[in-house]
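Enquirer: Using the sequences and the hints, build the whole thing.
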Amino acid sequence: MRDKEIVELFWSRSESAIERAGEKYGRYLLTVAGRILPDEREAEEAVNDAYLGAWNAIPPHRPEDLRTFLAKIARREALKVWRRGRAEKRGGGETRAALEELSECIPSNVSPEAEVEAGELARAVSSFLRGLSETERAVFVRRYWYLEPIDDVARRFGFTKSKVKSMLMRTRRRLRDYLVREEYIDE
Amino acid sequence: MNEDKLLDAMGEIDDDLIRPPRRGRSWRWAAVIAAAFAAAAALVFFLPGKISSTGELATESFSSLEEVQRLYGGRLLAGNLESAGAVLSGIELEHRRDTDVSDASGWDSLRIAGELDGESLELSCSFNGPESSAQGVKLKRNGVAVTVEMDPEEVWEGKHRTRASFELDGVYYDLTVYVREMDDIYKYLDMVMLGRSISEKDETPLYHPFDTLMGFEDYRVEVEGDSFFNWHFYVAVDGAERCVAEVFGFPDSGMGAYSVDLDGDGVPEVVTNNIYGGDGVTEVKVYRYFDGDFWVGEIPASWLEDLGFEDLAWVQSVSQRYDPEKNVFEVINYAGGGERRETFTGLGPLRFRRFAESATDHMGYLPLTYDELEPTDARPVENVLGQSGYKVGIEHTDPGWDGQDWWHFWVELDGRLTCVAEVPARPGEEPEVYSSDIDGDGTPELISILPESPVGGIVSIVSRGPDGRLRDYGVNPDMQEEIKSHGPEGTALKTVCRFDRETGRLSLDLEDYYGTVYYTRTVADLDELGFVNCRHSLKGEPEYFTAGDWEG
Numbered sequence: 001m002r003d004k005e006i007v008e009l010f011w012s013r014s015e016s017a018i019e020r021a022g023e024k025y026g027r028y029l030l031t032v033a034g035r036i037l038p039d040e041r042e043a044e045e046a047v048n049d050a051y052l053g054a055w056n057a058i059p060p061h062r063p064e065d066l067r068t069f070l071a072k073i074a075r076r077e078a079l080k081v082w083r084r085g086r087a088e089k090r091g092g093g094e095t096r097a098a099l100e101e102l103s104e105c106i107p108s109n110v111s112p113e114a115e116v117e118a119g120e121l122a123r124a125v126s127s128f129l130r131g132l133s134e135t136e137r138a139v140f141v142r143r144y145w146y147l148e149p150i151d152d153v154a155r156r157f158g159f160t161k162s163k164v165k166s167m168l169m170r171t172r173r174r175l176r177d178y179l180v181r182e183e184y185i186d187e
Numbered sequence: 001m002n003e004d005k006l007l008d009a010m011g012e013i014d015d016d017l018i019r020p021p022r023r024g025r026s027w028r029w030a031a032v033i034a035a036a037f038a039a040a041a042a043l044v045f046f047l048p049g050k051i052s053s054t055g056e057l058a059t060e061s062f063s064s065l066e067e068v069q070r071l072y073g074g075r076l077l078a079g080n081l082e083s084a085g086a087v088l089s090g091i092e093l094e095h096r097r098d099t100d101v102s103d104a105s106g107w108d109s110l111r112i113a114g115e116l117d118g119e120s121l122e123l124s125c126s127f128n129g130p131e132s133s134a135q136g137v138k139l140k141r142n143g144v145a146v147t148v149e150m151d152p153e154e155v156w157e158g159k160h161r162t163r164a165s166f167e168l169d170g171v172y173y174d175l176t177v178y179v180r181e182m183d184d185i186y187k188y189l190d191m192v193m194l195g196r197s198i199s200e201k202d203e204t205p206l207y208h209p210f211d212t213l214m215g216f217e218d219y220r221v222e223v224e225g226d227s228f229f230n231w232h233f234y235v236a237v238d239g240a241e242r243c244v245a246e247v248f249g250f251p252d253s254g255m256g257a258y259s260v261d262l263d264g265d266g267v268p269e270v271v272t273n274n275i276y277g278g279d280g281v282t283e284v285k286v287y288r289y290f291d292g293d294f295w296v297g298e299i300p301a302s303w304l305e306d307l308g309f310e311d312l313a314w315v316q317s318v319s320q321r322y323d324p325e326k327n328v329f330e331v332i333n334y335a336g337g338g339e340r341r342e343t344f345t346g347l348g349p350l351r352f353r354r355f356a357e358s359a360t361d362h363m364g365y366l367p368l369t370y371d372e373l374e375p376t377d378a379r380p381v382e383n384v385l386g387q388s389g390y391k392v393g394i395e396h397t398d399p400g401w402d403g404q405d406w407w408h409f410w411v412e413l414d415g416r417l418t419c420v421a422e423v424p425a426r427p428g429e430e431p432e433v434y435s436s437d438i439d440g441d442g443t444p445e446l447i448s449i450l451p452e453s454p455v456g457g458i459v460s461i462v463s464r465g466p467d468g469r470l471r472d473y474g475v476n477p478d479m480q481e482e483i484k485s486h487g488p489e490g491t492a493l494k495t496v497c498r499f500d501r502e503t504g505r506l507s508l509d510l511e512d513y514y515g516t517v518y519y520t521r522t523v524a525d526l527d528e529l530g531f532v533n534c535r536h537s538l539k540g541e542p543e544y545f546t547a548g549d550w551e552g
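Chains as they are written, first to last, in my numbering: chain A, 1 to 187; chain B, 1 to 552.
Watch out, some of these pointers could steer you wrong.
Pairs of lysine-lysine, PhoX-like flavour, derived with a Cα cap of 25 angstroms [claimed, not checked]:
| hint | chain 1 | residue 1 | chain 2 | residue 2 |
| --- | --- | --- | --- | --- |
| 1 | B | Lys484 | A | Lys165 |
| 2 | A | Lys165 | B | Lys494 |
| 3 | A | Lys24 | A | Lys4 |
| 4 | B | Lys159 | A | Lys24 |
| 5 | A | Lys165 | B | Lys5 |
| 6 | A | Lys161 | B | Lys138 |
| 7 | B | Lys494 | B | Lys484 |
| 8 | A | Lys161 | B | Lys494 |
| 9 | B | Lys138 | B | Lys159 |
| 10 | A | Lys80 | B | Lys5 |
| 11 | B | Lys138 | A | Lys163 |
| 12 | A | Lys163 | B | Lys159 |
It is worth saying that the hints were derived from the structure and are not from the lab. Note that the coordinates shown come from a computational prediction; the quantities given were computed from them, not determined experimentally.
Expert: Here it is in structure tokens:
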């Protein structure tokens with residue numbers, strides 16, 4: 001079934017909307033959530049929450065790219081579950097590693113409470129990513145959106161691990177410089 | 001702001017940054033552009049005053065690679081594409097204009113475009129040196145040095161343009177396929193090199209224990225197994241790879257393979273000590289190459305009977321072993337409260353037959369053909385490996401053995417009727433089998449839950465991987481121990497396999513003998529299980545006949 005048809009099911013509040021979305025993208029969403037939540041039950045819980053999130057968001061949204069729309073929600077839900085687990089000292093893995101890496105983008109003297117509006121930060125990151133080469137952008141997205149392990153990123157692009165690590169490190173530094181320059185964070 | 005906020009912000013970046021580019025420059029477009037340039041170049045060639053009498057090329061199209069192969073005369077791997085099942089859309093040969101197309105010395109390059117296993121590919125064969133220098137990962141595949149290069153920017157529907165380059169017999173090959181992962185190129189590379197896909201290699205590829213394998217310098221060893229080991233030795237004969245020797249056994253069990261010239265003809269044999277039963281009793285097989293073919297030799301039962309060796313029911317009473325240090329074959333009969341030994345050297349009483357790869361199952365017996373089984377209309381499962389038109393035959397065993405019925409499940413694989421599972425059941429009852437896609441690869445597995453044993457039900461999962469090979473999965477001993485660790489100490493426990501028809505899930509329940517369940521593990525990942533071969537085929541002595549007599 002085409003994305004437009006599935007979105008129409010959501011709009012018409014048809015109960016089969018979630019079933020159709022699950023048939024088409026269930027496995028992909030489980031992969032997205034599974035990278036954050038190695039426990040299968042938790043990953044499934046996150047995916048089910050994503051379907052609920054989609055139900056609540058469509059309408060008024062009418063996503064052109066349903067796959068990415070659902071994946072974003074699934075990622076968000078999975079991170080919520082992961083953070084709950086982190087509070088209880090469970091889990092870890094790639095999400096924690098990715099967070100540690102991203103902490104390099106935040107200068108040490110920046111207060112965690114320093115407020116930046118979430119949407120604004122997302123727009124800033126998008127703008128920054130558009131300034132990268134296609135390869136640098138693709139590697140960065142695979143690591144920090146898909147939370148793909150560095151080994152898998154290396155294999156995907158046919159690079160060595162050290163090349164991927166160097167590339168990511170350079171890109172993180174450039175992101176930090178960009179955020180400082182655009183005054184999203186103070187140095 | 002902290003890293004958590006940044007991670008969240010990453011999650012909300014623009015959609016087009018998340019999905020890969022919709023379309024990259026595909027080889028199809030490159031071909032169109034190249035054709036346009038070629039057409040323009042041809043126009044230039046034909047303009048008066050601009051024709052060069054040397055170095056100009058002509059292009060011929062062919063309808064089949066067989067014709068090209070015939071004209072070439074030597075080994076040309078491109079022919080393997082057709083035997084691998086590729087559907088070809090274009091075969092073009094460029095040759096010097098001042099030579100006839102039938103004169104291979106004037107050939108410049110051969111370009112083939114087609115589809116194989118659902119993927120478009122292009123193979124170019126250059127006869128005058130490589131078309132371009134190959135950059136990328138350098139490795140060896142099937143004994144040949146290959147360079148594999150994945151282009152991260154050339155993307156088509158989530159797949160990257162990947163090129164594998166190698167040279168063989170003076171021909172430079174460039175294979176281009178769009179794949180998701182770099183490892184996916186190997187399947188297509190094997191199809192070009194061998195005409196078929198092969199199973200994944202052991203983590204230590206190119207295990208090379210001998211200088212030559214029965215006189216063949218270029219050979220490779222494939223090791224499969226986890227709790228048992230099955231070594232397969234391959235050589236290339238007439239451009240096609242073939243398994244020419246095998247050895248089976250268990251870790252630290254005394255299994256082994258040795259290269260030794262038993263008959264002094266200058267061509268070493270491969271002598272193997274195999275252990276089939278897990279009880280440490282060895283059985284000898286000797287592999288030979290002579291008279292242009294490969295043979296396997298065994299010690300005949302008749303020779304042992306002539307020696308007066310006793311054969312005990314239920315127990316392997318005769319052990320055969322090759323001692324590499326003494327270069328002697330030794331047979332030992334454990335019977336009558338003692339043991340009796342005989343030895344021989346050279347080929348001795350060994351009886352040889354032509355070797356058919358894996359004709360015997362893991363127990364060393366030749367399996368029954370479909371016609372030898374009792375037919376049945378029973379349909380214990382809706383499909384086997386996705387095939388609803390599967391066949392079933394029943395083998396009744398002697399109550400002196402185990403008295404069970406063995407249900408053999410047969411499907412069409414690569415055009416051959418193949419037995420994919422043998423499942424025991426109580427006489428007169430159907431076996432407990434299910435079909436479900438456990439690993440989510442689109443092909444359902446066949447799940448057999450064998451009759452409950454005193455230590456709990458045993459599961460066998462037959463899966464056909466993307467490489468086309470069948471694998472038997474079961475619960476490996478480490479997993480058994482780990483599951484048991486979740487139960488109370490001091491209580492007799494067993495692991496019972498259960499399949500939920502509604503959810504398609506397979507679970508392992510740890511329970512006591514009153515039925516109290518202490519722990520449940522859902523099986524979702526076949527890789528966490530082991531290559532434990534759960535199929536037990538109980539037969540009498542193997543019969544000797546040629547490979548052509550046995551049809552699987």
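Enquirer: Hint by hint, say whether it matches the structure.
Expert: Comparing the hints with the structure gives:
With a C-alpha separation of about 41 angstroms, the suggested pair Lys484 of chain B and Lys165 of chain A falls outside the 25 angstroms cut-off, and the hint is violated. Distance restraint check for Lys165 of chain A and Lys494 of chain B: the Cα-Cα separation of roughly 47 angstroms exceeds the 25 angstroms cut-off, and the hinted pair is therefore not satisfied. The hinted pair formed by Lys24 of chain A and Lys4 of chain A meets the criterion: a straight-line CA distance of about 13 angstroms does not exceed 25 angstroms. Distance restraint check for Lys159 of chain B and Lys24 of chain A: the Cα-Cα separation of roughly 19 angstroms lies within the 25 angstroms cut-off, and the hinted pair is therefore satisfied.
Between the alpha carbons of Lys165 of chain A and Lys5 of chain B the distance comes to roughly 22 angstroms, so the proposed pair stays at or under 25 angstroms and holds. Among the hinted pairs, Lys161 of chain A with Lys138 of chain B is consistent with the structure: their alpha-carbon atoms are about 16 angstroms apart, no more than 25 angstroms. Distance restraint check for Lys494 of chain B and Lys484 of chain B: the Cα-Cα separation of roughly 8 angstroms lies within the 25 angstroms cut-off, and the hinted pair is therefore satisfied. Proposed proximity of Lys161 of chain A and Lys494 of chain B is contradicted: the alpha carbons are some 44 angstroms apart, above 25 angstroms.
Straight-line distance between C-alpha atoms of Lys138 of chain B and Lys159 of chain B comes to about 21 angstroms, which keeps the hinted pair within the 25 angstroms bound. As the CA atoms of Lys80 of chain A and Lys5 of chain B are separated by approximately 12 angstroms, the hinted pair is consistent with the 25 angstroms bound. A C-alpha spacing of about 16 angstroms is found between Lys138 of chain B and Lys163 of chain A, which places the hinted pair at or below 25 angstroms, so the restraint holds. Between Lys163 of chain A and Lys159 of chain B the alpha-carbon distance is near 21 angstroms, which keeps this suggested pair within the 25 angstroms criterion.
The structure fails hints 1, 2, 8 (numbered hints given earlier, in ascending order).
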